[in-house]
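A.B. asks: Sequence:
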Amino acid sequence: MEKLIIKSMKKVFLEELNELENELNEILKKYGVKTTDELKNKISSGEIKEEDIKEDLEKINFLEKNINRIMKCLREINVKSL
Numbered sequence: 030m031e032k033l034i035i036k037s038m039k040k041v042f043l044e045e046l047n048e049l050e051n052e053l054n055e056i057l058k059k060y061g062v063k064t065t066d067e068l069k070n071k072i073s074s075g076e077i078k079e080e081d082i083k084e085d086l087e088k089i090n091f092l093e094k095n096i097n098r099i100m101k102c103l104r105e106i107n108v109k110s111l
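Numbering-wise (this note's numbering), the sequence shown opens with residue 30 and increments by one.
Possibly wrong hints are sitting among the right ones.
Claimed, not checked - Dumping the calculated PhoX-like pairs for lysine-lysine here, alpha-carbon to alpha-carbon at most 25 Å:
| # | residue 1 | residue 2 |
| --- | --- | --- |
| 1 | K88 | K58 |
| 2 | K40 | K94 |
| 3 | K83 | K36 |
| 4 | K59 | K109 |
| 5 | K69 | K59 |
| 6 | K94 | K83 |
| 7 | K59 | K78 |
| 8 | K94 | K78 |
| 9 | K71 | K94 |
| 10 | K94 | K69 |
| 11 | K39 | K59 |
| 12 | K40 | K101 |
| 13 | K78 | K63 |
| 14 | K39 | K101 |
| 15 | K88 | K71 |
| 16 | K88 | K59 |
| 17 | K101 | K63 |
| 18 | K69 | K58 |
| 19 | K83 | K40 |
| 20 | K69 | K83 |
| 21 | K32 | K58 |
| 22 | K101 | K88 |
| 23 | K94 | K58 |
| 24 | K36 | K94 |
| 25 | K88 | K69 |
| 26 | K32 | K101 |
| 27 | K78 | K58 |
| 28 | K94 | K63 |
| 29 | K58 | K71 |
| 30 | K36 | K109 |
| 31 | K71 | K59 |
| 32 | K36 | K63 |
| 33 | K39 | K109 |
| 34 | K78 | K88 |
| 35 | K109 | K94 |
| 36 | K83 | K63 |
| 37 | K109 | K32 |
| 38 | K83 | K71 |
| 39 | K94 | K39 |
For the record, the hints were derived by calculation from the structure and aren't laboratory data.
Model, not experiment: these values are computed from the prediction.
The task is simple: from the sequences and hints, build the whole structure.
C.D. replies: If you want it as structure tokens, here you go:
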């Protein structure tokens, strides 16, 4: 029974992780980058003005925090399933 619960939780977390990563990638694609570091470099170089994309930056921070939380939960689930 416990294995079934763990498997179900893992499935839900993986689906949510996939959705969040897709949303993050769509935002990054708008600016022609693949990572947040690349986006930060474009901001630092002045190619993109931070104030022009403030809303997207807030969304990126939100998505990254949730992605990290889900990945932490998945690591914990993987440890418990050993």
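A.B. asks: Verify the proposed pairing of K39 with K109, using a straight-line Cα cut of 25 Å.
C.D. replies: 11 Å, holds
A.B. asks: Please verify whether K40 and K101 have alpha carbons no more than 25 Å apart.
C.D. replies: At roughly 14 Å apart (the allowed maximum being 25 Å), K101 and K40 satisfy the hint.
A.B. asks: So if I understand the rule, the pair passes when the alpha-carbon distance is 25 Å or less; does K78 with K88 pass?
C.D. replies: At roughly 16 Å apart (the allowed maximum being 25 Å), K88 and K78 satisfy the hint.
A.B. asks: Starting from K109, check that the Cα of K94 is at most 25 Å away, please.
C.D. replies: Holds, at roughly 23 Å.
A.B. asks: Given the hinted pair K69 and K83, is their Cα-Cα distance within 25 Å?
C.D. replies: Distance of about 12 Å is within 25 Å: holds.
A.B. asks: Are K69 and K59 close enough, with their CA atoms no more than 25 Å apart?
C.D. replies: 14 Å, holds
A.B. asks: Between K94 and K39, is the straight-line Cα distance small enough, at 25 Å or below?
C.D. replies: 18 Å, holds
A.B. asks: Is K83 close enough to K36, meaning Cα to Cα at most 25 Å?
C.D. replies: Outside the cut-off at roughly 38 Å; violated.
A.B. asks: Given the hint that K94 pairs with K69, test it: the Cα-Cα distance must not exceed 25 Å.
C.D. replies: 17 Å, holds
A.B. asks: Straight-line Cα separation of K39 and K101 no greater than 25 Å?
C.D. replies: 12 Å, holds
A.B. asks: Between K32 and K58, does the CA-CA distance stay at or below 25 Å?
C.D. replies: 38 Å, violated
A.B. asks: For K59 and K78, compute the direct alpha-carbon distance and say whether it is at most 25 Å.
C.D. replies: Since the Cα atoms of K59 and K78 sit roughly 14 Å apart, the hinted pair holds (cutoff 25 Å).
Violation of the numbered hints given earlier is confined to hints 3, 4, 11, 19, 21 and 32; the remaining hints are satisfied by the structure.
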